[in-house]
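Participant: Sequence:
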Amino acid sequence: MNPGQDFLAHIRYEKRLSHHTLTAYANDLEQFCTFLLTECNVDQPERADFRHVRSWIVSLVESGMDKSSVNRKIATLRNFFGFLLRRKVIDFDPMSKIQALKASKRLPQYVEEKPMEMLLDDIEFPDTFEGIRDKLVLELLYGTGIRLSELTGLKTTDVNLYEKTIIVLGKRNKHRIVPLNQPLFELIQQYSLLKEKEFSGQADAVHLIVSDKGVAAYPVLIQRIVKRHLTLVTTLGTKSPHVLRHTFATHLLNRGADLNAIKDLLGHSSLAATQIYTHTSLDQLKKTYDQAHPKAKK
Numbered sequence: 001m002n003p004g005q006d007f008l009a010h011i012r013y014e015k016r017l018s019h020h021t022l023t024a025y026a027n028d029l030e031q032f033c034t035f036l037l038t039e040c041n042v043d044q045p046e047r048a049d050f051r052h053v054r055s056w057i058v059s060l061v062e063s064g065m066d067k068s069s070v071n072r073k074i075a076t077l078r079n080f081f082g083f084l085l086r087r088k089v090i091d092f093d094p095m096s097k098i099q100a101l102k103a104s105k106r107l108p109q110y111v112e113e114k115p116m117e118m119l120l121d122d123i124e125f126p127d128t129f130e131g132i133r134d135k136l137v138l139e140l141l142y143g144t145g146i147r148l149s150e151l152t153g154l155k156t157t158d159v160n161l162y163e164k165t166i167i168v169l170g171k172r173n174k175h176r177i178v179p180l181n182q183p184l185f186e187l188i189q190q191y192s193l194l195k196e197k198e199f200s201g202q203a204d205a206v207h208l209i210v211s212d213k214g215v216a217a218y219p220v221l222i223q224r225i226v227k228r229h230l231t232l233v234t235t236l237g238t239k240s241p242h243v244l245r246h247t248f249a250t251h252l253l254n255r256g257a258d259l260n261a262i263k264d265l266l267g268h269s270s271l272a273a274t275q276i277y278t279h280t281s282l283d284q285l286k287k288t289y290d291q292a293h294p295k296a297k298k
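In my numbering, the protein residues as written are 1 to 298.
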């Protein structure tokens, strides 16, 4: 019996978690097992106790890893040892006294409206397959708020040409429907025709977004496209697809969208995850107040 492999099979086939989550869990367990073997002379993770887990966490913190990443690894071990306890592989949970690190809340970074307008309306994209594809990537991320993994997994059949919507497969294999604005809808049509012409029907027909070679788009490609174009309009330290997701939500909230509606569009399971955007919106309200109220600057 291999407890690690059994656990990974459990979260893959029974919990049905995403491939991304499965990979993260596998990496965390591998790193923990390596630490146990090299630093504690423990060759099997089920033999680990509280002291071993605590030592690993201390080593992660001392290496400079940010608290949110450490907390994710703690969550992996909590799930792993909980699984072993339920299967009666172990008699005592070494995570029972382990607490998550207190992480400072960071407000989501986002691009202001004017720079986004400049990027999508004023900057010229080449009238080529790559140019139209790159613009579609940016418009989809900003226009729908979908995650990087959701974009690369978006299928051609997920686009509803009649309803002008897309079906998004999110976390925990949950589907949601997201509307498309008219310019984005027309851009998808333009791109689809160009994709057919560019590759003479030989490109990946399943996935909507493809690479310059016609194969399904991969995360690094999307990240490069986003970073290259955001560099033109913003000096934000982070220029990632997730920044455009934050930008989507923040702009909606700043323009009066209902928080529950934003939650559904983002695919959050609870309102708690969406409420972080209210802090950004509050900053915007204060800015407007300072600029507009006669007493604000006195």
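Worth flagging that the hints you see were computed from the coordinates, not collected in a lab.
Ideal Cβ placement from N, Cα and C applies to all residues, glycine included.
Among the hints, erroneous ones may be present.
[To be verified] Think about it this way: if two alpha-carbon atoms lie no more than 30 angstroms apart in a straight line, the pair counts; the simulated BS3-like pairs of lysine-lysine are:
1. Lys67 with Lys227
2. Lys114 with Lys227
3. Lys155 with Lys263
4. Lys263 with Lys197
5. Lys171 with Lys239
6. Lys164 with Lys88
7. Lys73 with Lys88
8. Lys239 with Lys174
9. Lys15 with Lys88
10. Lys67 with Lys164
11. Lys73 with Lys263
[To be verified] Label pairs and their computed distance ranges (CB to CB):
12. Arg228 with Lys171: 50 to 56 angstroms
13. Arg172 with Glu113: 28 to 34 angstroms
14. Thr128 with Ile276: 35 to 41 angstroms
15. Glu163 with Tyr13: 30 to 36 angstroms
16. His175 with Phe199: 26 to 32 angstroms
17. Lys227 with His279: 24 to 30 angstroms
18. Gly237 with Glu130: 23 to 29 angstroms
19. Leu232 with Pro108: 39 to 45 angstroms
20. Glu113 with Asn41: 53 to 59 angstroms
21. Leu85 with Leu22: 30 to 36 angstroms
22. Glu113 with Asp43: 35 to 41 angstroms
23. Val215 with Thr34: 32 to 38 angstroms
24. His175 with Leu22: 33 to 39 angstroms
Participant: Take the hints in turn and mark each one as holding or not.
Facilitator: Do the hints match the structure? See the list:
1. A C-alpha spacing of about 25 angstroms is found between Lys67 and Lys227, which places the hinted pair at or below 30 angstroms, so the restraint holds.
2. Between Lys114 and Lys227, the direct Cα distance comes to roughly 18 angstroms. Compliance with the 30 angstroms bound is thereby established for this hinted pair.
3. Under the criterion of a C-alpha separation no larger than 30 angstroms, the hint pairing Lys155 with Lys263 is consistent with the structure, at around 23 angstroms.
4. Taking the CA atoms of Lys263 and Lys197, the gap is near 38 angstroms; set against the 30 angstroms cutoff, the hint is violated.
5. Distance check on the hinted pair: Lys171 and Lys239 sit about 23 angstroms apart at the alpha-carbon level, within 30 angstroms; holds.
6. For the given pair, Lys164 sits about 51 angstroms from Lys88 by alpha-carbon distance, which is inconsistent with the 30 angstroms threshold.
7. Among the hinted pairs, Lys73 with Lys88 is consistent with the structure: their alpha-carbon atoms are about 22 angstroms apart, no more than 30 angstroms.
8. For the hint pairing Lys239 with Lys174, the CA-to-CA distance comes to about 27 angstroms; that is within 30 angstroms, so the pair holds.
9. About 19 angstroms separates the Cα atoms of Lys15 and Lys88, which keeps this hinted pair within 30 angstroms; it holds.
10. About 41 angstroms separates the Cα atoms of Lys67 and Lys164, which puts this hinted pair outside 30 angstroms; it is violated.
11. Of the supplied pair hints, the one linking Lys73 and Lys263 holds, its CA atoms being roughly 26 angstroms apart against a limit of 30 angstroms.
12. For the pair Arg228 and Lys171, the beta carbons lie near 27 angstroms from each other, so the given range of 50 to 56 angstroms is not met.
13. Here the CB-CB span from Arg172 to Glu113 is close to 32 angstroms, well matched to the stated 28 to 34 angstroms.
14. About 38 angstroms separates the C-beta atoms of Thr128 and Ile276, a value consistent with the hinted range of 35 to 41 angstroms.
15. Between Glu163 and Tyr13 the Cβ separation comes to about 33 angstroms, which falls inside the hinted range of 30 to 36 angstroms.
16. Judged by the Cβ atoms, the range 26 to 32 angstroms given for His175 and Phe199 holds: they are separated by roughly 28 angstroms.
17. Lys227 and His279 have their C-beta atoms about 25 angstroms apart, which keeps the hinted 24 to 30 angstroms range intact.
18. Evaluation of the 23 to 29 angstroms hint for Gly237 and Glu130 yields a pass: the beta carbon distance comes to about 27 angstroms.
19. At roughly 21 angstroms, the beta-carbon separation of Leu232 and Pro108 lies outside the given 39 to 45 angstroms, and the hint is violated.
20. For Glu113 and Asn41, the Cβ-Cβ distance of about 57 angstroms falls inside the hinted range of 53 to 59 angstroms, so the restraint holds.
21. Remark: the range hint 30 to 36 angstroms for Leu85 to Leu22 is contradicted by a beta-carbon distance near 21 angstroms.
22. The hint said 35 to 41 angstroms for the Cβ distance between Glu113 and Asp43, and at roughly 56 angstroms that hint is violated.
23. The beta-carbon spacing between Val215 and Thr34, approximately 33 angstroms, falls within the hinted interval of 32 to 38 angstroms.
24. A beta carbon spacing of about 19 angstroms between His175 and Leu22 contradicts the range 33 to 39 angstroms that was offered as a hint.
Hints 4, 6, 10, 12, 19, 21, 22, 24 from the list above are not met by this structure, while the remaining hints are.
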